[in-house]
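Protein chains: 2
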Amino acid sequence: MSNKWVYIFSQDQTDGRTHMKDLLGGKGANLAEMTHLGLPVPPGFTITTEACTHYFKNGSAYPAELEAQLQEALTCVEREVDAGFGDEENPLLVSVRSGARVSMPGMMDTVLNLGLNDKTVEGLAKKSGNPRFAYDSYRRFIQMYSNVVLEMDHHDFESILEMKKEDKDVQRDVDLTAEDLQELLSEYKSLVLERTGKDFPQNPQDQLWGAINAVFDSWMNDRAKVYRRINNISDDWGTAVNVQAMVFGNMGESSATGVAFTRNPSNGEDEFYGEYLINAQGEDVVAGIRTPQNITKAARVAAGSDLPSMEEVMPEVFTQLDQVRVNLEKHYKDMQDIEFTVQNSKLWLLQTRGGKRTAAAAVKIAIDMCEEGILTKEEAILRVDPKMLDQLLHPSLDANAQKTLLTRGLPASPGAASGIVAFTAEQVEIDTQHGRDTILVRVETSPEDITGMHLAKGILTARGGMTSHAAVVARGMGRPCVSGAGELKIDTNNKVMKIGSHTIKEGDLLTIDGGTGEVMLGEVATVEPDLSGDFSQLMAWADDVRRMKIRTNAETKKDAEAAVRFGAEGIGLCRTEHMFFEGDRIISMREMILASDEEGRRAALAKLLPMQRGDFEGLFKVMRGLPVTVRLLDPPLHEFLPHNESEMIEVATQANISLDLVKERCHALEESNPMLGHRGCRLGISYPEIYEMQVQAVLEAAYNVEKSTGDKVVPEIMIPLVGDKRELEYLKNVVVQTADQLKDDKGVDVEYMVGTMIEVPRAALKAEEIANSAEFFSFGTNDLTQTTFGFSRDDSTTFLKKYEEENIHLQDPFMTLDQSGVGQLVEMACEKGRSVRSSIKLGVCGEHGGDPASIEFFEGVGLDYVSCSPYRVPIARLAAAQATLRRSKKNSSVAKVA
Amino acid sequence: MSNKWVYIFSQDQTDGRTHMKDLLGGKGANLAEMTHLGLPVPPGFTITTEACTHYFKNGSAYPAELEAQLQEALTCVEREVDAGFGDEENPLLVSVRSGARVSMPGMMDTVLNLGLNDKTVEGLAKKSGNPRFAYDSYRRFIQMYSNVVLEMDHHDFESILEMKKEDKDVQRDVDLTAEDLQELLSEYKSLVLERTGKDFPQNPQDQLWGAINAVFDSWMNDRAKVYRRINNISDDWGTAVNVQAMVFGNMGESSATGVAFTRNPSNGEDEFYGEYLINAQGEDVVAGIRTPQNITKAARVAAGSDLPSMEEVMPEVFTQLDQVRVNLEKHYKDMQDIEFTVQNSKLWLLQTRGGKRTAAAAVKIAIDMCEEGILTKEEAILRVDPKMLDQLLHPSLDANAQKTLLTRGLPASPGAASGIVAFTAEQVEIDTQHGRDTILVRVETSPEDITGMHLAKGILTARGGMTSHAAVVARGMGRPCVSGAGELKIDTNNKVMKIGSHTIKEGDLLTIDGGTGEVMLGEVATVEPDLSGDFSQLMAWADDVRRMKIRTNAETKKDAEAAVRFGAEGIGLCRTEHMFFEGDRIISMREMILASDEEGRRAALAKLLPMQRGDFEGLFKVMRGLPVTVRLLDPPLHEFLPHNESEMIEVATQANISLDLVKERCHALEESNPMLGHRGCRLGISYPEIYEMQVQAVLEAAYNVEKSTGDKVVPEIMIPLVGDKRELEYLKNVVVQTADQLKDDKGVDVEYMVGTMIEVPRAALKAEEIANSAEFFSFGTNDLTQTTFGFSRDDSTTFLKKYEEENIHLQDPFMTLDQSGVGQLVEMACEKGRSVRSSIKLGVCGEHGGDPASIEFFEGVGLDYVSCSPYRVPIARLAAAQATLRRSKKNSSVAKVA
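Chains as they are written, first to last, in my numbering: chain A, 236 to 1133; chain B, 236 to 1133.
Bear in mind the hints are in silico, worked out from the structure with no lab data behind them.
Careful, some of the hints might be misleading.
Since the list gives no way to pick one copy over another, a pair counts as held whenever it fits inside one copy or between any two copies.
Claimed, not checked - No more than 27 Å apart at the CA atoms, straight line, and that leaves these computed lysine-lysine pairs for DSSO-like:
1) K424 - K399
2) K532 - K433
3) K1067 - K724
4) K967 - K460
5) K1036 - K362
6) K842 - K978
7) K568 - K1124
8) K898 - K1036
9) K1037 - K568
10) K947 - K1076
All chains should be built: construct the whole structure from the sequences, respecting the hints.
Here you go:
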């Protein structure tokens, strides 16, 4: 940690650059970078994240050197804008903003117009020649500062403002005169005195330190913590503070403020995409209170808006901005999200950052930028977050489906979603806990709603534009969102809303289409997504690059077909037990379980054999010679048994045995910890005849399909839950004997492999012994995570919620592999397995097989393939390609060092 | 593997020595050793265990060289005894016996008098001048051979014999004349022809190979497999076959046969202890059919027997045998169990081996032999099997207790036991499964009863001496046994027995005292054992030697007192939850659990606080400043909840809440896998107020006891089930804050430590992180075994039985640590823990802490202590001393090599 706590950005001196995000935060680093590029950025300085860390480690005390460095930087800013901080004639005003390493939209607090007091406001009035502007700025400052720094409720100020407007009989804020605002200021200050017991601070230095304190403290507020938890951001990073000379978009009709994306963040089209407001400050746009205007004329026309575009109103500034757009994209090699202000026809840039975008946009932009020569193919592959692809794979609304259109809002985040209406984030949480899909419906969302937005299937707001809080956050999360649906009359208190003649109560079903902005009554049918075009291009590039194969977990023909369509190169996990639940099968299965001896079990198994064989034939046909790993029966038998008396009576009748026997057997099969009970290979050892039947079904199916299609089928037979070599030796022998007998008796001569799941810690610890009998290992990371942590997925939700609250686990180990714990076992098993069998095939079939971070880990330990659910196959393809690229980059930089 | 399959022992040539037990088996190696020492051993040869292994690996085929080597050895024997195998005038007769590496009493089959046929029997008659002896020998041979080799039921022969005696109106076998026996022989041979379809084999070579086959095959019979499984003997070891010239103890009144221990195997006294029978063959003694006579006069007098002792009847032979006894003990440095035969006044030794003994005898012999200069102190420590000490620690009958003496048998294996009568081994198994203690009551036991004997609490037989099957096996297992209680009239078919006027049915309660031979009605009160004298001497020697400390697992004053008496040096595990079940506590505990909020929980916890504090005060007082590790609440809360409606009503009334709420809460706390659920530190994180109360109770108790006694108390506070450093950090903070507050508020200033259990794999994998916050690790090897294997102890019994049958697991990992699997994690955690905190205190508190093999492992990884149940403390003390000795021996031999 250095002793430099303050970094200046100005025309004279710029200390930072874009790569210093960890130290300066994203905003600070990019302000420095833009200044460096010669773009018009109001001068300012950044207090580093290290100062924040120091602050929290030292009981809210600042580093000793900070004060002097800050004053020096402030002097530099004063010099450049030719104004004095606290100067009553010519006051310098600053904004104070947070800026963490990664963008945390709406999560941190901002203070504008700092430096105003009862005296400097008069100086500003004189200097600007616009008293109304000066008083309005002071009003905003008091309101913001009181809220953020003095922790007062901003609604209290809003209601004074509302009363004032009523009192003066005006509709809009801007209709209040300078005198009105002066009255308001006095009422504001009275409120501050009343609530805090102190006068509103008049000393600009006190104001500044108070704001810095507040920014730092806001790093630890609950909204920030929640956001970080959801996004896996460490509390230790801290935030920087950016202090910057104010520029004003609210100085009149030749002033404006706006936000823009350098391309369309919704579909990726190469068009300038943004909104602006004349005579407004930045917060007015994102807050979604006034409906903003388009930047380009084309967009205005497309939207059918009669509010003039910036291109039309301020053509020169627009041309300048459009050039900035091109330059920034070339410089950053990425689509940018920029904030700007126009003060008296002069353009100022206040922020640039990588723009959040939909998956479709991300793919299109990556492909386009590659074609435009901005990105290499490898860079294009690395540019798309694999997790986002999920958005492209899920169904959209069926154009032919019957639908009752209620209203139309803005298409803020694409994708269709159905669910019951919930009017609060809390209600979403409750419904989710009960397994119900929800649509969160709000007038406008705020950071307090983050958790609920994360859990909801879709978001619908009555107010706010395409860049409102709801829209930005929803796109980032990949949640469908319709924003600004102004026809909604929401009565949150009574949990009801009206849309035209319809009344919708909480709990009623609703469907939204975030791609069109439509809001529909009830649940509407959907269609499969289109995977051609840019998507398939990106996938093809990824396939060229990646080392690992991608398989899928599937046991039905339908799933297998979907997976093949998504590019699966085999089945990594076919859970045979899923085949036992359909129709007649469960009857025979129960007969088998209830049989009192081996003979009885064999009779029931004989009925199951042709069904299993048929299933496997279907799968093998779909997979056309691609490898298929079949896991033999795994779950405890009682999962198949009837759970209530009437089912038991049915079973007793079918199996022609007494009800008492059924009850006794069901009771005997109960376990205190089924996860750790009589399942997996333990079943196979107790009842080898079950595995014999399954092996026979697999091999006969392979033989039949090979004969009828000519595709060579080499099934991979997988023994689950092995923890000791003797278990595998015993069951491998059962498999081999069954195969040999099939060959001898029926001439069924099929090549096959025998391997095992590695899913209990002991299997990893003893992998060198187990590998002697295993031709492949498949890591069952779900169970391996459960046993390594010692908690079951089912039961852990009760306590993991508290863990999250207390920040004890940053990540759900069932979503993303616990690399340093469970991963140690995976790595150990790979090494040990290869040490005795260099050719051993290694893969993973837990849910981590579809998680990009985990895939990168699996690339690192050199697995041959990952297997995941069909809808995750494209994600895995891209993630595997990225992992290969990053690994070779790392290796080549290691090679350079060596 | 060499090509030498046959090892001769004879005066001319002796190929083997005692250290070659793996190759020659115990019996063969010791026969060679005795021959080498110049003791009178009939010549013979041993077919190696490698031949047996070869036999099983090659489909029951012998090595090519065996035949020639065997014939050569046979010629050598013929030369030495001056007789020919199959010679019709002067036949050589041989015994064929099995002999594995370790003694497996009664498990293997033996054939005597082999070489007799219709012709050689006449030669034997002439040569011995005793036709009756010759025919009797042939009769015994046919019976034994037909049973062992031809697999006929020996009862069929017995009934022919019984009918013959009835027919001839005689009582005893010996009263049958030579002519009677000739008739019997012809009937025996007819039976063989009838049952097998073939004549009884007349060619001695055929007989010999048939017997060798049978010995080898018997290695794989079910009894042998069961014995090996119980005793952890590998199937791969194989058995040797000993072929030895016959000597006859049944050649008349100057002949005899007997077995003896060089010291009293029951109490360890230095007295010659054995039994013999005049005019008998060896099997007659051990079979327990005739009641044998004492060897020494002193023993006869003590027993009040009127059958003359060997010392009185054959004084010269006795003197010779007594000298052999002294020589063997000096040579083997151990108490020996010998078999001998006197043929026409000449002594022959047939076997010597380390004698099985009771724990008391083992301790006394080790101490005495050290004092006699035979053993060093270290050798004496290593001589006693720590597991046996268990026998010395359990209560014996209270001399003052009311008891109804039913009868008195022989004091065959010490210790008192009560249980319900079971007349078959199967019934013992059934009762045991239902949790009932049993006394196995048999006329005489046989190897088929092994499993039942293992499960029974005590064994009572109507027939057989101190060296009968029942007595030898029971002593080996440490089961109390009363043998030869001749008054018992057992009707196994009707499951009832009569003793005098009493009728005892299966299921009735009985008590036996294996130390006195008493059999008593019902259950009789017991007293604590005496731990002074030899026992305390041995323990003192062990304490001098051992490096690891021994602690105990205890939570009650009573247990802690017992443990301290047994030498515990601290408490390694105090399970605080056990304190919550007594009387009023469970009410407050349930109130706490059912409380709807923290306030309610705190109110209930306030009631529990003084009780917990009182418990800890009691413990700390008993432990007088020794370290005490207190584990905070661990089990899932639903364990404390009512299980049925009437209990629920009671709770609802007590807690003044609705029954519905009680039901709802109980239901909510149900888990699908409680082992992997909301327990351990997860509870502490959800409800920190519980841990706060417990910490307060511990610290206040420590403070109070320190004040009142002056003993410094440094409690070790242990957080259970930690898998991640953040869990420990969070809860350590709770502990520290509670402690700080107690100090500030009440001046309770107590030194304490905070540490954790290592009981899930992840804790071991991440031990270097966890050790940053842990001052000690205690390995909870029970849970660590469950999670590492992925099976719960409760549920695993259902499938582990099949595993045993299929030989998949040799050992129960809950009894003895799975060193190569779970042990890897223990070792890893020790290394990682020490790497960041070299002073970290390491211990184990799972049940493995009392298992000698596991203790040796823990010594190897350098734990500071082991903790076990109070009754295992002496076992652990001795085992730890042995581990230290073996380790320093290994280290010094490594040092020599280097």
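Structure-based check of all given hints:
Taking the shortest Cα distances, K424 and K399 sit within 27 Å of each other inside one copy (15 Å), while across copies they are farther apart (126 Å). Neither within a single protomer nor between protomers do K532 and K433 lie at most 27 Å apart by alpha-carbon distance, with minima of 50 Å and 111 Å respectively. For the identical chains of this complex, K1067 and K724 are neighbours neither inside a copy (64 Å) nor across copies (62 Å), given an alpha-carbon limit of 27 Å. Taking identical chains as interchangeable, the C-alpha atoms of K967 and K460 lie at most 27 Å apart only when they sit on different chains, with a minimum of 22 Å there against 51 Å within one chain.
For the identical chains of this complex, K1036 and K362 are neighbours neither inside a copy (56 Å) nor across copies (93 Å), given an alpha-carbon limit of 27 Å. Proximity of K842 to K978 under the C-alpha cut-off of 27 Å is restricted to the intra-copy arrangement: shortest distance 21 Å within a copy versus 73 Å between copies. Taking the shortest Cα distances, K568 and K1124 sit within 27 Å of each other inside one copy (19 Å), while across copies they are farther apart (70 Å). Within a single copy, K898 and K1036 get their C-alpha atoms only as close as 37 Å, which misses the 27 Å cut-off; across copies the closest is 23 Å, which meets it.
Taking the shortest Cα distances, K1037 and K568 never come within 27 Å of each other, neither inside one copy (42 Å) nor across copies (64 Å). Taking the shortest alpha-carbon separations for K947 and K1076, only the intra-copy value of 19 Å comes in at or below 27 Å, while the best inter-copy value is 60 Å.
Hint compliance for this structure: hints 2, 3, 5 and 9 are broken, all remaining hints hold.
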